[in-house]
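For reference, the chains in residue letters:
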Amino acid sequence: QKEVEQNSGPLSVPEGAIASLNCTYSDRGSQSFFWYRQYSGKSPELIMFIYSNGDKEDGRFTAQLNKASQYVSLLIRDSQPSDSATYLCAVFTGNQFYFGTGTSLTVIP
Amino acid sequence: GAVVSQHPSRVICKSGTSVKIECRSLDFQATTMFWYRQFPKQSLMLMATSNEGSKATYEQGVEKDKFLINHASLTLSTLTVTSAHPEDSSFYICSADRTSGGATDTQYFGPGTRLTVL
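Heads up: the protein sequence lines correspond to chains A and B, in order.
Each residue of the first sequence is one higher than the one before, counting from 104 in this note's numbering.
Each residue of the second sequence is one higher than the one before, counting from -18 in this note's numbering.
25 Å max Cα-Cα, derived SDA-like pairs, lysine to any residue: (1) B/Lys22 to A/Leu178; (2) A/Lys145 to B/Thr97; (3) A/Lys145 to B/Pro21; (4) A/Lys145 to A/Ser123; (5) A/Lys145 to A/Arg163; (6) B/Lys22 to A/Thr127; (7) B/Lys22 to A/Asn110; (8) A/Lys145 to B/Thr59.
Not everything, but these chain A residues come out facing chain B in the computed CB check (under 7 Å): (9) Ser135; (10) Ser146; (11) Tyr154; (12) Phe195; (13) Gly205.
Short, incomplete list of chain A residues facing chain B, as computed with Cβ under 7 Å: (14) Pro147; (15) Phe200; (16) Phe202; (17) Thr204.
If you are wondering where the hints come from, they were derived from the structure by calculation, not from laboratory data.
These figures come from a predicted structure and were not determined experimentally.
Positions of the beta carbon are idealized from the N, C-alpha and C atoms, including for glycine.
Can you make the complete structure from the sequences, with help from the hints?
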């Protein structure tokens, strides 16, 4: 079992819709959770982190964490074509970072 | 957000030469830095964890004699690809672990170095 699992996609949503990206992790003691965005040919860029159960909002992005279910998600409201990228979920256990393989998102104009 | 730089951004070299890539944390100190490699349309692959003042920890399957890592200071780690061959052509990305007092460790990525070996 991988430490961090993501659906590789591709996920396609129409412009203006909500994109929902999901991630599960195996280490119940994990402390912090991150979402990175990676455009094709570029390096990952941190867009959000969360470490408390519940929701954390930043502009059009909302990260949701459910530690009981070992589940973290990223919602992108009012999706724009410029949101088309691969989204990486990462987990910090207190000792190590683990990355998912990424979910490819395409926002269709 | 924290800033991590890499140099060079792009390098083309002949087979058999060695290439050095620098990774710097510009506005914070990083005890730990990471080196990744990414082939086209594939996931990030962690190559090694670089710790300031000690030897790097390499992931399984990564040749430590081929990929030399030096973390000489709290703001600089270097990766040297020795005797590069065409199969080493890839996108090399570093990241630095920023530890904030009372908050979580966070990895910030450099912009990457695209290596092409002819």
